[in-house]
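> Spelled out, the chains give:
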Amino acid sequence: MSKYMIDKFMHSVEMSNAGVEAYVADTAGFVDAWIAASGRTDVPTGDRIFTAEERDAFVARDYETLYRLGGHPYLLWHFTEAVYTQEFNDNFGWRDLVEKYRAAVAPHGVPDFIP
Amino acid sequence: MAKLVMAAVTPHNPLLWRAMRDPMPDDLAAVRKNFSTIRDTIRELEVDVAVVVGTDHIRQFFFDNSPAFIIGKAESYHGTYENEVRTFGMDYAELQGHRELSDEISGRTVLPENIDFAVSYEWRLDHGFVIPLQYVIPDLDIPIVPIHVNAALPPMPSPRRFAALGDHLRDTIERWDSDARVALLTSGHMATDVGGPKQFAGSPDPVFDAEAVGWMRDGDLEAAIHGCRFDRIMAAGNITYQYVNAITALAAMNSAPADLAEATESRFASSPFFMWRAA
Chain D
1 MSKYMIDKFM HSVEMSNAGV EAYVADTAGF VDAWIAASGR TDVPTGDRIF TAEERDAFVA
61 RDYETLYRLG GHPYLLWHFT EAVYTQEFND NFGWRDLVEK YRAAVAPHGV PDFIP
Chain W
1001 MAKLVMAAVT PHNPLLWRAM RDPMPDDLAA VRKNFSTIRD TIRELEVDVA VVVGTDHIRQ
1061 FFFDNSPAFI IGKAESYHGT YENEVRTFGM DYAELQGHRE LSDEISGRTV LPENIDFAVS
1121 YEWRLDHGFV IPLQYVIPDL DIPIVPIHVN AALPPMPSPR RFAALGDHLR DTIERWDSDA
1181 RVALLTSGHM ATDVGGPKQF AGSPDPVFDA EAVGWMRDGD LEAAIHGCRF DRIMAAGNIT
1241 YQYVNAITAL AAMNSAPADL AEATESRFAS SPFFMWRAA
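Keeping their order, the protein sequence lines are chains D and W.
The C-terminal residue of the first sequence carries number 115 in our numbering, and the numbering is unbroken.
The C-terminal residue of the second sequence carries number 1279 in our numbering, and the numbering is unbroken.
No lab work stands behind these hints, which were simulated from the structure alone.
Source: prediction; values computed, not measured.
All residues carry an ideal CB built from backbone N, CA and C; glycine is no exception.
You may find that some hints are simply not true.
[Claimed, not checked] Derived lysine to any residue pairs resembling SDA-like cross-links, with alpha carbons at most 20 Å apart:
#1 K3/D / S1066/W
#2 K3/D / Q1060/W
#3 K100/D / P1197/W
#4 K3/D / P1155/W
[As the list claims (entries may be wrong)] Here's a subset of chain W near chain D, in silico, CB distances under 7 Å, partners left out:
#5 N1083
#6 G1196
#7 F1200
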């Protein structure tokens, strides 16, 4: 498990519009390309890659799992907000996302988010 | 010698940027009034330069390189980021630096003995700096010295180190061979949670808020330091550590009771407003 890499991924995606749009457009492809380019080549140590669970959580846009695994809450919320804002419609908006997110993370309390 | 004429603590909640617009919602009227009070005081006291102590929200300083204290040494700074424009509707800004005072505070060749500053000659300031300045110095026409104190990525400096920073800023300004009138502006939160189960549901810890207002109102530095120990403050919300910036202001003002001390309620988590005029 690498909380640092979870945070690094969220940070790198959320900081730019291009990052968010690319992740939303082809989530699995984006995640695997990012792992290949960023997780493995420049940081060779074994604890600096995603586990299968972490990779799958990003592919599924599964904020509950990322929260449970110790993603930094501030980064995680803004990452989640940026991604799901792309899918808001008349029946699901910002306040709905807030409440859905709250219901998902609340059972997990406050995980240790320090890498 | 230069003079530290005032200190203030404000919120930097970026959600205010869209919400606090005319016609002013009733629940935000008091927030705007308190910002206006501080803005007017800056004008009245003819502030020439502002030292701005705040927190970068994991924009420029990430876990790959996270300084405890970093001071800006640039002639100017860009304000806000693409993600903050997208998420909060903020406007890009340009802010003028004050290199001479930066050098006084951090040293030019050798760091001061009490604070080990990192330095930055190229720093894009995030909403933690830009939002308060756009409310209290709306024309952005007063040069600034930005200082980031890490309150987001553990391990963070202890509250007593925030106080040491305040002491250092006061002592440095008072020794500075200048006739400048200096304000210390800081920002932060009362009890606040973002990304945790308590977010966006009002104050997650009104008991903490009441105590934290009292420390500033009473000028009780030791109580503030004790009350801001890591476990207690994190229980009040996962980004409440940014309240500790207020301790820097309290220490800089020699632990004087604040002239304004309020946790202003609104639809958001309560907003800190503290202000001191120099005696």
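> Of the numbered hints stated previously, which ones are contradicted by the structure, given in increasing order?
Going through the list in order, the structure violates no hint and respects every one.
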